[in-house]
Every structure is written in C-alpha cells, then in structure tokens.
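Chemist: Build out the structure end to end from the sequences listed, making use of the hints.
Number of protein chains: 2
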Amino acid sequence: MKDLFKEDLQVINVGLTSFGEVVAREGGTVLQIEWSPPGQGNREIGKKLAKLVNLPEVEKANQRAFKNYLAAQPILESVGAAKAVIPNMGERMILHAGPPVSWEEMCGPMRGAITGAILLEGWAKDLDEASELAASNEITYEPNHHHAAVGPMSGVTSPSMPVWIVSNSTHGNKAFCSLNEGLGKVLRMGANSPDVIDRLKWMGKDLAPILKSTLDRLGGLELKPMIAQALQMGDEVHNRNAAASSLLLKRLVPVMVKTDIPLDQIAAAVEFIAGNDHFFLNISMAACKAMLDAAHNQPGSSMVTAMARNGVEFGIRVSGTGDSWFTAPAPKVNGLYFPGYSIEDAAPDLGDSAITETAGLGGFAMATAPAIVKFVGGSVQDAFAYTREMTQITLGLNNALSLPVMDFSGTPAGIDIRKSVDTGIAPIINTGIAHHKAGIGQIGAGITRAPMACLAQAVVALADRLH
Amino acid sequence: MKDLFKEDLQVINVGLTSFGEVVAREGGTVLQIEWSPPGQGNREIGKKLAKLVNLPEVEKANQRAFKNYLAAQPILESVGAAKAVIPNMGERMILHAGPPVSWEEMCGPMRGAITGAILLEGWAKDLDEASELAASNEITYEPNHHHAAVGPMSGVTSPSMPVWIVSNSTHGNKAFCSLNEGLGKVLRMGANSPDVIDRLKWMGKDLAPILKSTLDRLGGLELKPMIAQALQMGDEVHNRNAAASSLLLKRLVPVMVKTDIPLDQIAAAVEFIAGNDHFFLNISMAACKAMLDAAHNQPGSSMVTAMARNGVEFGIRVSGTGDSWFTAPAPKVNGLYFPGYSIEDAAPDLGDSAITETAGLGGFAMATAPAIVKFVGGSVQDAFAYTREMTQITLGLNNALSLPVMDFSGTPAGIDIRKSVDTGIAPIINTGIAHHKAGIGQIGAGITRAPMACLAQAVVALADRLH
Chain A
1 MKDLFKEDLQ VINVGLTSFG EVVAREGGTV LQIEWSPPGQ GNREIGKKLA KLVNLPEVEK
61 ANQRAFKNYL AAQPILESVG AAKAVIPNMG ERMILHAGPP VSWEEMCGPM RGAITGAILL
121 EGWAKDLDEA SELAASNEIT YEPNHHHAAV GPMSGVTSPS MPVWIVSNST HGNKAFCSLN
181 EGLGKVLRMG ANSPDVIDRL KWMGKDLAPI LKSTLDRLGG LELKPMIAQA LQMGDEVHNR
241 NAAASSLLLK RLVPVMVKTD IPLDQIAAAV EFIAGNDHFF LNISMAACKA MLDAAHNQPG
301 SSMVTAMARN GVEFGIRVSG TGDSWFTAPA PKVNGLYFPG YSIEDAAPDL GDSAITETAG
361 LGGFAMATAP AIVKFVGGSV QDAFAYTREM TQITLGLNNA LSLPVMDFSG TPAGIDIRKS
421 VDTGIAPIIN TGIAHHKAGI GQIGAGITRA PMACLAQAVV ALADRLH
Chain B
1 MKDLFKEDLQ VINVGLTSFG EVVAREGGTV LQIEWSPPGQ GNREIGKKLA KLVNLPEVEK
61 ANQRAFKNYL AAQPILESVG AAKAVIPNMG ERMILHAGPP VSWEEMCGPM RGAITGAILL
121 EGWAKDLDEA SELAASNEIT YEPNHHHAAV GPMSGVTSPS MPVWIVSNST HGNKAFCSLN
181 EGLGKVLRMG ANSPDVIDRL KWMGKDLAPI LKSTLDRLGG LELKPMIAQA LQMGDEVHNR
241 NAAASSLLLK RLVPVMVKTD IPLDQIAAAV EFIAGNDHFF LNISMAACKA MLDAAHNQPG
301 SSMVTAMARN GVEFGIRVSG TGDSWFTAPA PKVNGLYFPG YSIEDAAPDL GDSAITETAG
361 LGGFAMATAP AIVKFVGGSV QDAFAYTREM TQITLGLNNA LSLPVMDFSG TPAGIDIRKS
421 VDTGIAPIIN TGIAHHKAGI GQIGAGITRA PMACLAQAVV ALADRLH
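Line by line, the protein sequences give chains A and B.
So for the first sequence, my numbering puts the first residue at 1; every next one is plus one.
So for the second sequence, my numbering puts the first residue at 1; every next one is plus one.
Hints in this document: simulated from the structure, not taken from any laboratory.
Glycine included, each C-beta is placed from N, C-alpha and C at the ideal position.
Among the clues, some could well be false.
[Unchecked claim] Straight-line alpha carbon distances no greater than 25 angstroms define the calculated DSS-like cross-link-like pairs of lysine-lysine that follow:
1. Lys-201(B) - Lys-125(B)
2. Lys-201(B) - Lys-258(A)
3. Lys-374(B) - Lys-224(A)
4. Lys-205(A) - Lys-258(B)
5. Lys-6(A) - Lys-258(B)
[What the hints assert, rightly or not] Partial list, derived from the structure: chain B residues whose beta carbon lies under 10 angstroms from chain A:
6. Met-233
7. Val-270
8. Ser-379
9. Met-452
Modeler: What follows is the structure, encoded as structure tokens:
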C-alpha cells in the first residue's frame, strides 16, 4: 500500500468530473468515465429499472419484438383516399401527429393545418368558418398512430387526402402516410393559403391516380432495399431524402410514361416529384411505421415502437405497454433557422416523423448523411458521434440498413427504454421546425432529443405491469 | 552529452525502417518518418527535379493552370454525331483511349471494340471482314485526347456514334465523350456481338435525338453543381455514378416528356437511362476533360492534364510540355474479379476514364464514396487514406467539389509531377477491368496507380524545356 503512494497517481474517475479535476491538477493521470445515476437520480425510477434489468421475461420479449422489426418487409403497395383505406377513419374525422390533443390545446401550425384541411374537404367556405367548425364538437380529432398511420409535422390527414399504403409482407400489417407537398409554405407546417389548398387538390385529383396506376403496374415496390441504397447515398431518410426521392422517381417514371394517362398530367407529376427532394419522406415514415407495428404489443418488451410529437407534448409508445402514451412537454428545437427567424418564433417539437429514428433511421443513421449537418446544424464529427451514441441505448443493429462510413455496420435500432434511462442517453432526432403561428410554415431544422421523462414513465409502467 | 545517454532513447527515424527497429528492440521510442529518395533513387531524375522545385516560373505557371481548372464551368450542351462535332474527325477515322497505339500493338478489347465499330459503321459485313479492314491502312487510328475527346475503357469512337458535347463556358473550349452503353457485354469493354451493335444503333437513331431535343429545351445543364451534389451522395463519378445518373435523369425527364417525340421512344429512353447507374460516367469524363484542357499548355506548369491508358501503355500529359505523351507499360489491376475470372484473364489497365482522377475525382475523391470499396476492393479506411494521400501530390483543393466526410474539404486536385516524383506517391485510380480477349467484356474492377516512370519522364522533359 505504501509503495502505491510512491508511484505517479493514475486514477479512474466515475461520474462527477470535479473529483478527477483535482487529481489532474496535482499532476496525476485521470481517465474520466461518464456516468450519472439511472433515472436522473430518481430513487423510485431507479428501483423500477432495477426490476427490469436482465429480467428473462423482458429479454425474451425484446428478442421477439426486435426480430419482428428486422423481419418486416415494407412494400409500397398503392395510394388511396384516407377515408377509403385507413382503418376506422370517421367521416368528419381529422388525424394529427403525436399523442392525443384537443383543439383547445393544439399549437398554431396544427390549428393552421386543420383549418386548411377543413377548406380542402369543403366543410367551410373560408378560414373563419373553418376555425369555428374546428372548435365545435363536429370534428373528431385522433392521432394518426391510433389508425396505423403517421404524418410529418402537424401530420394532418383528412378523409379525402390521398395516402401512401405500405404493407409489411412478412406480418401482413399495413401503414399509411399522406403525400409530401414539398418545402416552405405547406399544410403540414401550418400554412393554409389558397395555393396550399390548390396544390393539395391537384395532388388528390391528378397526382394520386397517376401514382396508383404506376404502382399497380409495378405490383408494388420493395422499400427496404431502396432505403438501404439511399443510406449508401448520404440520406438518413428523415431530413435528407434527396437520393431516395431520386431512386423512387427512377423506378416510377419508366412505368408512368406507359400508363394511358394524358401526357401533360404525367409531365406535371414528374416535374412535381423531381422538384421535391423530400418526396420520399412520407414513404420512409410509412415504411418505418409498418416495421415498428410488427414489433408492437409484445408483452414485457421494453422496445420503443413510436416517438411522436403534437407540438405540445412529446409522446412515446412501448411494445410491452400496449396503446399507452408516455408524454412530457415537447421541447423547442435549438436548430438552424431560416434568415429572419429564431427559436423565439418556433413551435415546440412537432410531427410523427420521429418514427424514422424509432426505426434506427434519421438521427440514428446520421453518420451516413454527413451533408445533413448543413441543414440541421452541428459538425460532421457530431453526426458520427450521434450514431455511435445510439448504439448504447438500442437492442441491436439492423444489418439490412448498413452505414458504409461506419465500415458497413448496421444502423442502431430498437430503442430500449431501460438502456436509455440507465445511461441517461435520450434518443436523438433530426427535425424540421414550424413557426408557432398558424399559416406561416417551416422556419428551420435542427437536432433535438426525446424527453427523458417519457422514457422514465414507460419504465415505471412496464415494471408495474410485470410485478 | 553524457546526460543525454542516461535518458530513455527517443529517436526519429527517417527512411529505412530497419534502423528504427533496432532502437525499438532495445526499448527506445521510435517515430518513423516515411521517406524514400526522390525519383526512386535515380540520380538523373533527382537532379532534374531539384531544378524544378521552388522555381518561380513553375510556381506561377501552376497557379495559372490550377486557377483555370478551378474557374472552368463545364456545361452539358448537346449530343451530336462524332463526325459532325468532333474537331478534325476523319471519314474513316476511329478514335481510341490512351496514348497513340497501332492496330498491331492494340490489346484484345480495343481490337474487339474497333471491329464492332466497323460493323456499326457498315464498312464491313462481318467480323472477319472487319478485322481485315481494321488491319489495313484504310482506317486511321488516333487517340481521343488528340481531338478534345475522351472515352471509357477501349474508348472507341467512330464517326456515326453520338457523343456528349460539353462546353467550358469560362474559357470556351469543348470536350466530347461517347454515350454509356451500360455494364457487362458492351463495346467499350471489347464486346461486339449483334446485340451490342444493335444497342449502339438504337442509341444513335433514337436515344441521341431525344437527348439532343431535351438538352436544347433545357438550354444546357451546368455539370459542376450536379457533380458536387453527387459527391455529397456517395459517388466519386468514376466507378460510382448512381447518384449522378439519378440526378441527371431527374433533370432530363420532366423536359423529355414535353418534347414531341413519340411516347414509346421516350419510354424506351427513360427505361435505358434509369437502368444504367453508370450513365453519367461519360458526362463526368467530358466535364473533367473540359476543365483540364482549360489548364493545359501553360508553359512551365508541372500540372498533369491527362492520364490515359490504351491497354498496352499508360500515358500522361502535362500542362507545360504541350502535346507530348510520357508513357510506361500499363499495369494489370489486382482488383475484385467477377466469379470465374482472375488477374490472369485481365487486359492491362485501359481507358481515358482516369481523366476523372486527373481532375480530382474518382480515386482522389474516394473518401466520399465508401460504398465503392464493395466494387473496387479495399476497406472504408483505405478510401479515406487514398484521398488524404493525394493531398500530398496535388496543387490544391477544389472547394467547388467538397467531400462531406472530410469535413467538407475540397477534393485534392491538380497532380504536380514534382510532388509525385519527390514523395514517390503515384496517383491513385479506380478502374474497370476488361478481359484481355476481344469480344468478352468487363470481368472486374479495382484500384491501381499511374506508373511512376511516366511522371519521372515528364519531370525530365519539363526541366529540359526550362533550361
């Protein structure tokens, strides 16, 4: 023991850095291990977590859930009107992003999108009348997620809107998502001016039938190989879909020009798709929803199967806790803002698009999309670090979705609420940012995280179910 | 001095590693500096090189050459028949890849491509007659590079073939390249069966007019932003052109469907382009040729303006030495071979496509295309290392062509023969590999290097010109 003190100090310091700093100041060598108490030091949560860790029931359920997620084969099957294809879609029902929220509580962009959708449906003659109707009891609001659907940003899906139909050929479940309108002044961001409504009308009347006819002739498109290819081309298929949108167009166009639809309509459709680098986003989201629904409802599983925001609350769902939502206030995003805007103008985090991160894409696959840091902020090294960090809170790697720059390792997928609460590492999310007022639209993009409170609640609920 | 020997040995070892190994074995710390004598130890070359290093005349000429290369703006202008648009194209002239070579010396795939081209032109009725004609004095053979043109692999360009016309809007020079036929059994790889010839006939009769009509309506396409975008999407635009080909199609199709060409012809053209991930290669090559010709003929400049192989010899041209070729035997490529083939079956290195590396793309930009190692071999770390290594032998970075994964640094460009001969680092090249016999086609792909002998000869010639 005496000999030890004659040697130079070599110390491993766990947790609070200040202890290590003292040693370093005195000339010792310090290896700092990052650690913080599980559940952010909350004793109750820590105890529930301890019950779940290494529990065979949870481990087995997670294996089943993760296996189903990996085995899912999302196929882009067709396009149809929401009211015709989405299960339990009511006549005067409007679906929205995130966990349940009432009209009174909704954020500006969601209200803007809903009044726009009411105009699109022809339920009101102007925005004032639409707002009045929206606030009445005549409209039913439900989350997309309650209907096997997802929607970016406000996520507003009204009965006449065309939606992508993605089927999981392995397990037979389907998932739905609206069609992408482009960037800027668009309904999903809360804009509802006449040009926005006109574009949506054209999408329903012209674009959707062309896409349906093309997909019918193609007999569907396998989405996993397309997403895998896009990952090799610098997309993370959440905020960067440039490659995937091109790959999709390349598959659609040769068939599209052979349909018997008038050429000027085809030309307009091609121009629209070719001009929208985010066109694939909504397909990516539906594919992720289809893969994750296959992993949902495994009793005992601690795997997250949905992360979604309604602009007020951030909510998650977990495979082993059924249809419960675990919510916390949605954060504002400290991202890159378009000129003239700042975080002061931002709505809190919004949209179902975090379904991509839940499936191991988006922020989780950011290493493969270094070019995205010009859009969402941060450095290229950050992008690598996010992907590496997410391997600490996930059940495994999805080798069908490999990241060349990480030596072709699979993307980290299957968020385990136990690992997240234990390490204090919250899931990372790339996201667009909408203006907090209705009618304006997108004002930036950035990187945010799921609130730890959602994951901690889920740990408690799962532990309570199992004991 | 005595004190020094009491301390632990800490040694910097330059050159031969064996000296350092002795120190390391005795417990000392060794920092190994890689170094070898300039000109591979050849005293004559070393002396010539010494004359050129830091010579103001060379430095200034290089600044001019590199500035021109950076300032060049290649525009995809149109498509036309070789005989109508390529300067000084003779009536019975066939252009080929690499430095000059006679029919007697040509490798198998080049002979195969030439006899195929003779059939295409209708100068002979079968392959035997074509071979006889090819060996007679009736056909003139000249390098593409003598006509502001380039061609991949055998590079065979005959009078009726359609070629891309790329103009450099900054300096007014033009460059030309044939249209890409796809992979596998293709003329450029030496195949010449009836299906190969039929495809070429269709390309001249149907495809070329559609492309011309589309480009006319577009008023040309700026290629540098398109290449820059493709680099952000994992292409190095030599052996990987998946993104660039998609981006091109996305620009062409919306206009193509508006031309008054019959829809079934357009459908066939779209299908052909959409099915060929290498379609952009020949455009990339013409763009590089246009940029490098702008840097050519700067008296005193040691910048390489062409690297090209004819399957027998590897040749380079240097800005300050005019139209001289500096040649050495073309190496065989130790790459990844298709099943059933090996290096025994390979023709030596072939094609003008190393013009992409000469312009800082291809192997020089490999860091941005990690997925390519599955095609050309090596590891992802190798891909990064090649790009970093090439910064040691180049005049600068091309910031218009940035590599996200290298923190958005520009790609290393402007090979300086002095730096290459001084460091012993030869330019890296990604390449396809053809079978050594005529008529077979591609059998693999790999990574190779320019022979140092070419660069050393150029150093001697430039030094002799300047003294």
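Chemist: CA of Lys-205(A) to CA of Lys-258(B), is that 25 angstroms or under?
Modeler: OK: Lys-205(A) and Lys-258(B) at ~21 angstroms, within 25 angstroms.
Chemist: Any CB of chain A closer than 10 angstroms to the CB of Val-270(B)?
Modeler: holds (5 angstroms)
Chemist: Mind checking the CB of Met-452(B) against every CB in chain A and telling me if the closest is under 10 angstroms?
Modeler: violated (31 angstroms)
Chemist: Going straight from one Cα to the other, do Lys-6(A) and Lys-258(B) come out at no more than 25 angstroms?
Modeler: Measuring from Cα to Cα gives roughly 85 angstroms; hence the hint is violated.
Chemist: So, as I understand it, the hint says Met-233(B) touches chain A; can you test that by seeing if any CB pair is closer than 10 angstroms?
Modeler: Because about 4 angstroms separates Met-233(B) from the closest Cβ in chain A, which is inside the 10 angstroms limit, the hint holds.
Chemist: Lys-374(B) and Lys-224(A) were given as a pair; does the straight-line alpha-carbon distance stay at or below 25 angstroms?
Modeler: holds (19 angstroms)
Chemist: Does the structure keep Lys-201(B) and Lys-258(A) at a Cα separation of 25 angstroms or less?
Modeler: Satisfied, since the Cα-Cα distance of roughly 23 angstroms is no more than 25 angstroms.
Chemist: Do the numbers back the hint for Ser-379(B), that is, is its least Cβ distance to chain A under 10 angstroms?
Modeler: holds (7 angstroms)
Chemist: With a cut-off of 25 angstroms on the C-alpha distance, tell me whether Lys-201(B) and Lys-125(B) pass.
Modeler: holds (15 angstroms)
Hints 5 and 9, counting from the list given before, are not met by this structure.
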